[in-house]
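Throw the hints in and build the complete structure from the sequences for me.
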Amino acid sequence: MKINLNGLFFAHFAPRLWKRTVRVVVMFTMKQIGEAVRARRKALGLTQIEAAGLCGVGERFLRELELGKPTVQMGKALQVLSGLGLKLSIEAGGR
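Position in the sequence shown (first residue = 1) + 6 = this note's numbering.
Honestly, the hints are just simulated from the structure, not real lab data.
Possibly wrong hints are sitting among the right ones.
[Claimed, not checked] Taking lysine-lysine pairs in the DSS-like style, the calculated list, with each CA pair at most 25 Å apart, reads:
hint, residue 1, residue 2
1, K37, K75
2, K82, K48
3, K93, K48
4, K82, K37
5, K75, K93
6, K93, K82
7, K37, K93
[To be verified] Computed Cβ-Cβ distance ranges for the label pairs, DEER-style:
hint, residue 1, residue 2, range
8, Q54, L84, 17 to 25 Å
9, I96, I55, 25 to 33 Å
10, T53, I96, 25 to 33 Å
11, G51, T77, 23 to 31 Å
12, E41, I96, 28 to 36 Å
We treat Cβ as the ideally placed atom computed from N, Cα and C, and that holds for glycine.
Listed below in structure tokens is the structure:
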């Protein structure tokens, strides 16, 4: 399985799948997704309040997402990714 988050390539399987020269990070947890969201928000120069308003979610939701809460609503999380200009794609890969 491969996951691409806005140009960063995330691989679920061993390095044998990493055939192109890209930044590779294994992404398994909501904490890591939250860290990517926080990094993007800060790169855009937004506060949590501003980013939450831009994305149409509450400040509490955004804070919990950035902290890696594992039970956040997937629809809202995808809404935040889109609102911050991040793309998430998942591909099944052969073994």
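Taking the hints in turn, this is what the structure says about them:
{"no.": "1", "hint": "K37 x K75", "in the structure": "holds, 7 Å"}
{"no.": "2", "hint": "K82 x K48", "in the structure": "holds, 19 Å"}
{"no.": "3", "hint": "K93 x K48", "in the structure": "holds, 17 Å"}
{"no.": "4", "hint": "K82 x K37", "in the structure": "holds, 16 Å"}
{"no.": "5", "hint": "K75 x K93", "in the structure": "holds, 20 Å"}
{"no.": "6", "hint": "K93 x K82", "in the structure": "holds, 14 Å"}
{"no.": "7", "hint": "K37 x K93", "in the structure": "holds, 17 Å"}
{"no.": "8", "hint": "Q54 x L84: 17 to 25 Å", "in the structure": "holds, 18 Å"}
{"no.": "9", "hint": "I96 x I55: 25 to 33 Å", "in the structure": "holds, 30 Å"}
{"no.": "10", "hint": "T53 x I96: 25 to 33 Å", "in the structure": "holds, 30 Å"}
{"no.": "11", "hint": "G51 x T77: 23 to 31 Å", "in the structure": "holds, 29 Å"}
{"no.": "12", "hint": "E41 x I96: 28 to 36 Å", "in the structure": "violated, 18 Å"}
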